[in-house]
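Colleague: Sequence:
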Amino acid sequence: MVSLRCKMMVHQELEKLNITNAIVDLGLVEIPEDLSLEIREELKINLLKSGLELLDDKKSILTEKIKNVVTEMIHHYNELPKENFSDHISEKLGYDYTYLANTFSEVKGITLQQFIIINKIEKIKELLLYNELNLTEISYKLNYSSVAHLSNQFKKVTGFSPSYYKQLNQKRLDNLEDL
1 MVSLRCKMMV
11 HQELEKLNIT
21 NAIVDLGLVE
31 IPEDLSLEIR
41 EELKINLLKS
51 GLELLDDKKS
61 ILTEKIKNVV
71 TEMIHHYNEL
81 PKENFSDHIS
91 EKLGYDYTYL
101 ANTFSEVKGI
111 TLQQFIIINK
121 IEKIKELLLY
131 NELNLTEISY
141 KLNYSSVAHL
151 SNQFKKVTGF
161 SPSYYKQLNQ
171 KRLDNLEDL
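Under full-length UniProt numbering, the first residue of the sequence shown carries the number 1, and numbering increases by one thereafter.
The reader is advised that the hints may include incorrect statements.
What the hints assert, rightly or not - Straight line, CA to CA, 25 Å or less: simulated DSS-like cross-link-like pairs of lysine-lysine:
| hint | residue 1 | residue 2 |
| --- | --- | --- |
| 1 | LYS123 | LYS141 |
| 2 | LYS58 | LYS44 |
| 3 | LYS92 | LYS58 |
| 4 | LYS125 | LYS82 |
| 5 | LYS141 | LYS166 |
| 6 | LYS67 | LYS125 |
| 7 | LYS67 | LYS123 |
| 8 | LYS155 | LYS67 |
| 9 | LYS108 | LYS44 |
| 10 | LYS155 | LYS171 |
| 11 | LYS67 | LYS92 |
| 12 | LYS67 | LYS82 |
| 13 | LYS58 | LYS108 |
| 14 | LYS92 | LYS141 |
| 15 | LYS65 | LYS7 |
| 16 | LYS166 | LYS123 |
| 17 | LYS141 | LYS156 |
| 18 | LYS156 | LYS125 |
| 19 | LYS108 | LYS65 |
| 20 | LYS108 | LYS59 |
| 21 | LYS82 | LYS92 |
| 22 | LYS166 | LYS156 |
| 23 | LYS108 | LYS92 |
| 24 | LYS141 | LYS125 |
| 25 | LYS44 | LYS67 |
| 26 | LYS59 | LYS49 |
| 27 | LYS67 | LYS7 |
| 28 | LYS82 | LYS49 |
| 29 | LYS156 | LYS171 |
| 30 | LYS7 | LYS49 |
| 31 | LYS108 | LYS156 |
| 32 | LYS67 | LYS141 |
| 33 | LYS108 | LYS67 |
| 34 | LYS58 | LYS82 |
| 35 | LYS92 | LYS65 |
| 36 | LYS108 | LYS155 |
Rather than coming from a laboratory, the hints here were simulated on the basis of the structure. Source: prediction; values computed, not measured.
Let the sequences and hints guide you as you build the complete structure.
Modeller: Structure representation (structure tokens):
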């Protein structure tokens, strides 16, 4: 719902400035014509008021594309690609992985690998909450080499083992039901 609302807000801002033929997609807007500095600045200010940011340098735009590919890959595929993440991202964006990883690190201040791990851990949390898959199934689904590898990475990022995290959330849910 959030992305649809953001998309509508972007369309409204573009219409206010009489910008036509723009293509609005997840996190990106392609405007076929060049904008004057005044219109670009006005668009930037209006988007900021709505909590959105206008990225106009190539590295920031590429970084957003990388984030979108990683998010799509981890959170929206039923099953992760069997190829390496680096190969998948590189193929999807048409750039050498080293260039993508260096650009991402420069712009975001963390490595692309760290960003992928953080997203995988968020997906694990989500799957643990749904309680539909066990750790072995989650490990397989997210291309971990073993349950131990998944558990070690999860603990390193969250400070909890997956099973303890699951218990904490179950207690929280039980407490909510008691209200």
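Colleague: Evaluate each hint against the coordinates.
Modeller: Verification of the supplied hints:
1. Straight-line distance between C-alpha atoms of LYS123 and LYS141 comes to about 10 Å, which keeps the hinted pair within the 25 Å bound.
2. Among the hinted pairs, LYS58 with LYS44 is consistent with the structure: their alpha-carbon atoms are about 16 Å apart, no more than 25 Å.
3. Taking the CA atoms of LYS92 and LYS58, the gap is near 17 Å; set against the 25 Å cutoff, the hint holds.
4. Restraint check for LYS125 and LYS82: satisfied, since their Cα atoms lie roughly 22 Å apart, inside the 25 Å limit.
5. As the CA atoms of LYS141 and LYS166 are separated by approximately 18 Å, the hinted pair is consistent with the 25 Å bound.
6. For the proposed pair LYS67 and LYS125, the alpha carbon gap of about 19 Å is at most 25 Å, so the pair holds.
7. Proximity of LYS67 to LYS123 is assessed by CA-CA distance (about 15 Å); at most 25 Å being required, the pair is judged to hold.
8. Restraint check for LYS155 and LYS67: the C-alpha separation of about 23 Å stays at or below 25 Å, so the hint holds.
9. Using a Cα cut-off of 25 Å, the hinted pair LYS108 and LYS44 holds, with the two alpha carbons roughly 20 Å apart.
10. Distance check on the hinted pair: LYS155 and LYS171 sit about 19 Å apart at the alpha-carbon level, within 25 Å; holds.
11. In summary, the hint linking LYS67 to LYS92 is supported, as the alpha carbons are separated by about 12 Å, within the 25 Å threshold.
12. Among the hinted pairs, LYS67 with LYS82 is consistent with the structure: their alpha-carbon atoms are about 19 Å apart, no more than 25 Å.
13. At most 25 Å may separate the alpha-carbon atoms for a hinted pair to count; LYS58 and LYS108 meet this at roughly 14 Å.
14. For the hint pairing LYS92 with LYS141, the CA-to-CA distance comes to about 21 Å; that is within 25 Å, so the pair holds.
15. Distance hint between LYS65 and LYS7 is fulfilled; the C-alpha atoms sit about 16 Å from each other, no more than 25 Å.
16. The hinted pair formed by LYS166 and LYS123 meets the criterion: a straight-line CA distance of about 13 Å does not exceed 25 Å.
17. For the proposed pair LYS141 and LYS156, the alpha carbon gap of about 20 Å is at most 25 Å, so the pair holds.
18. Under the criterion of a C-alpha separation no larger than 25 Å, the hint pairing LYS156 with LYS125 is consistent with the structure, at around 14 Å.
19. Between LYS108 and LYS65, the direct Cα distance comes to roughly 13 Å. Compliance with the 25 Å bound is thereby established for this hinted pair.
20. Taken as a hint, the LYS108 and LYS59 pair is honoured in the structure, with Cα atoms around 10 Å apart against an allowance of 25 Å.
21. At most 25 Å may separate the alpha-carbon atoms for a hinted pair to count; LYS82 and LYS92 meet this at roughly 14 Å.
22. Distance restraint check for LYS166 and LYS156: the Cα-Cα separation of roughly 16 Å lies within the 25 Å cut-off, and the hinted pair is therefore satisfied.
23. Of the supplied pair hints, the one linking LYS108 and LYS92 holds, its CA atoms being roughly 20 Å apart against a limit of 25 Å.
24. The hinted pair formed by LYS141 and LYS125 meets the criterion: a straight-line CA distance of about 13 Å does not exceed 25 Å.
25. Distance check on the hinted pair: LYS44 and LYS67 sit about 21 Å apart at the alpha-carbon level, within 25 Å; holds.
26. The suggested pairing of LYS59 with LYS49 holds, with an alpha-carbon distance near 23 Å, which does not exceed 25 Å.
27. Distance check on the hinted pair: LYS67 and LYS7 sit about 18 Å apart at the alpha-carbon level, within 25 Å; holds.
28. For a cut-off of 25 Å, the pair hint linking LYS82 to LYS49 is broken: about 41 Å separates their Cα positions.
29. Restraint check: the Cα-Cα separation between LYS156 and LYS171 comes to about 22 Å, which is no more than 25 Å; the hinted pair holds.
30. Between the alpha carbons of LYS7 and LYS49 the distance comes to roughly 15 Å, so the proposed pair stays at or under 25 Å and holds.
31. The straight-line distance between the Cα atoms of LYS108 and LYS156 is roughly 21 Å, inside the 25 Å bound, and the hint therefore holds.
32. With a CA separation close to 20 Å, the supplied pair LYS67 and LYS141 stays within the 25 Å bound.
33. Our distance criterion of 25 Å between C-alpha atoms is met by LYS108 and LYS67, whose separation comes to about 10 Å.
34. At roughly 30 Å between alpha-carbon atoms, LYS58 and LYS82 are farther apart than 25 Å, so this suggested pair is violated.
35. For the suggested pair LYS92 and LYS65, the alpha carbons sit about 10 Å apart, so the restraint of at most 25 Å is met.
36. For the suggested pair LYS108 and LYS155, the alpha carbons sit about 23 Å apart, so the restraint of at most 25 Å is met.
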